[in-house]
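Colleague: Sequence:
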Amino acid sequence: MGSVMGFGIGGAVTAKMIVRARKTTVPYPETPSHDHESLSVSLRGRQMPKPMIVFRLANALHGLLQTELFQARYQENRLAVGLLLTLSREPFRSELLFRDYSLKEEELWLIPAREAPKAGGENDRGADSEDNEDPGAAEKPGQSPQSARIFRPALVYLSLVLSRRLALANNRLDQPTNMHVLFGSLAAHGAAEAGWSEVKVTRAKRPIVSLASSSSERIGRVWSVLKKQIARLGTGYGPVSARRRAKYGPFWLILSDVAAEMAEELSLWDCLAPLPVPLACDLNEASRDQLCRVLESLNERYALLRSCGLDPEQWYDDAELSVSGLRDLQTLRKAVNARLAAPPDGSQATTPERAYADAFECIRTDTHRPAGFATFEDFAESAVGQEMIHGCLVLLSTPLHMEGDDDLLLVSNLPAPVPESSATWPEHQVDRETALRFVIGQCPGIRDNPVLAWFVDATLINGRSIHGGDGVLADAEFRRLLDDSRRYPTTDDDRLLTQLERDLSEAIRYCTRLNRQP
861 MGSVMGFGIG GAVTAKMIVR ARKTTVPYPE TPSHDHESLS VSLRGRQMPK PMIVFRLANA
921 LHGLLQTELF QARYQENRLA VGLLLTLSRE PFRSELLFRD YSLKEEELWL IPAREAPKAG
981 GENDRGADSE DNEDPGAAEK PGQSPQSARI FRPALVYLSL VLSRRLALAN NRLDQPTNMH
1041 VLFGSLAAHG AAEAGWSEVK VTRAKRPIVS LASSSSERIG RVWSVLKKQI ARLGTGYGPV
1101 SARRRAKYGP FWLILSDVAA EMAEELSLWD CLAPLPVPLA CDLNEASRDQ LCRVLESLNE
1161 RYALLRSCGL DPEQWYDDAE LSVSGLRDLQ TLRKAVNARL AAPPDGSQAT TPERAYADAF
1221 ECIRTDTHRP AGFATFEDFA ESAVGQEMIH GCLVLLSTPL HMEGDDDLLL VSNLPAPVPE
1281 SSATWPEHQV DRETALRFVI GQCPGIRDNP VLAWFVDATL INGRSIHGGD GVLADAEFRR
1341 LLDDSRRYPT TDDDRLLTQL ERDLSEAIRY CTRLNRQP
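Sequential numbering of the sequence shown, starting at 861, is according to the numbering used here.
Because the hints were derived from the structure by calculation, they are not lab data.
Please read all numbers here as calculations on a predicted model, not as lab measurements.
Glycine residues also receive a C-beta, built at the ideal position from the N, C-alpha and C atoms.
Please note: incorrect hints may appear among the correct ones.
What the hints assert, rightly or not - Label pairs and their computed distance ranges (CB to CB): (1) K1107 to H1250: 42 to 52 Å; (2) K1060 to A1234: 27 to 37 Å; (3) P1349 to A1029: 22 to 32 Å; (4) H1228 to A1029: 51 to 61 Å; (5) D1238 to A1140: 28 to 38 Å; (6) T1350 to V1183: 41 to 51 Å.
Stated by the list, open to error - With a cut-off of at most 20 Å between alpha-carbon atoms, the simulated PhoX-like pairs for lysine-lysine come out as follows: (7) K1088 to K1107; (8) K1065 to K1107; (9) K1065 to K1087.
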């Protein structure tokens, strides 16, 4: 697919808009710091969505909407900036977004605001407009104007997932899509005197109330936006929507005694644009729950690709990869992970290709072809098979899509196991320094992280202290590596050491699981 920098959200999200992130008052809702037990409760009688990170994203987005939809003028690009900055923070970087570990850390971030070009494109609008700048805009506490950087996978996620129109499910008959329901849930927070608290979205051949127009006092602006959305979508909706429209009629927004037609399929941005802003009352839990359902639906394909180790930017639009096929590949991947972490029957560590071959035969039956592949050879020769078997190492720290997922993803660039007689370990007696340096070289999580490798070398191998004038934290070379990496905080030593400890633990955990024998 092409560059994600040019995707549209009704308008255009541009480099200039990202630069303006530091000039715009963007809310930073903190995700709740619940423990795992509290996150496993039900929402209004229903099970919490899987994965939990989707619920946390819904909470964060709900907080953004709580601010943006109460402004006199809804600014689409301003909300997009808030979302990008939210997705660029933890836990979303680690638990929601796909990361290509073949890229260096600095390649994953868009240019800092202070280095970005000042000129904007002609399509800039909303928060991108000079007229919409807030000269008194406040920065996030503790964050300098230059530190507002965008994690590139966040931009990909905004483009592929949050900007996608949600198609109608086959079992909904004359019912609206989840996105239409979300619109109704949010619109019900409009001015009560205008009747918005009783708003409805329904299908009908023709509503029994009068049709709205641009001159309608309560719905004129909303009608204008909806009309533009219908014209923009045209007949570009799915076959299920086409059948339901032919049988039951189009969707209608019903506001007391007036109606306005709505587009068959909506993206999140289509849902928000026509809302009767500013809303009159705080958003309730029902709107948050509905937002969570929408995000679950939008996130499904992306999460499946991520759990299979397939880069969504490359594979998201692949028509040959259906959702059911991706579920098969996810099952296959989990079986492979188990074999790589603990080879069955006490055998020697296996190669990724051998593990895939064994796992494929275990899940294939006479009546079921995993992802449509009749044999392992067919899978191995396909583009997706080659990517999964021979792709780059992907290491993520948390379960990805379903509860119980193995957090060790495919280790597909490892060489075949070396026979014990010719192992590459230093022969016989080795000193502590040699052994530790060998471990660093064999552990990708340490070896490929210059800051962590330097830190381990200095403290564990050379025995340097962490604090003090001669300590690691005061070392000029270590500080230079910190500045170059942009992964670690440079002004808060406690946070820095916490992040280093976390990264080292994950690196050791990965190596331990990879080489563990039953």
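Colleague: Are the hints correct? Go through all of them and say.
Modeller: So, going through the hints one by one against the coordinates:
1. K1107 to H1250: 42 to 52 Å: About 48 Å separates the Cβ atoms of K1107 and H1250, which means 42 to 52 Å holds.
2. K1060 to A1234: 27 to 37 Å: violated, 50 Å
3. P1349 to A1029: 22 to 32 Å: Hint violated: Cβ distance 44 Å, outside 22 to 32 Å.
4. H1228 to A1029: 51 to 61 Å: Between H1228 and A1029, where Cβ atoms are some 24 Å apart, the hint is violated.
5. D1238 to A1140: 28 to 38 Å: violated, 59 Å
6. T1350 to V1183: 41 to 51 Å: holds, 43 Å
7. K1088 to K1107: violated, 24 Å
8. K1065 to K1107: This hinted pair holds, its Cα atoms lying about 8 Å apart.
9. K1065 to K1087: holds, 17 Å
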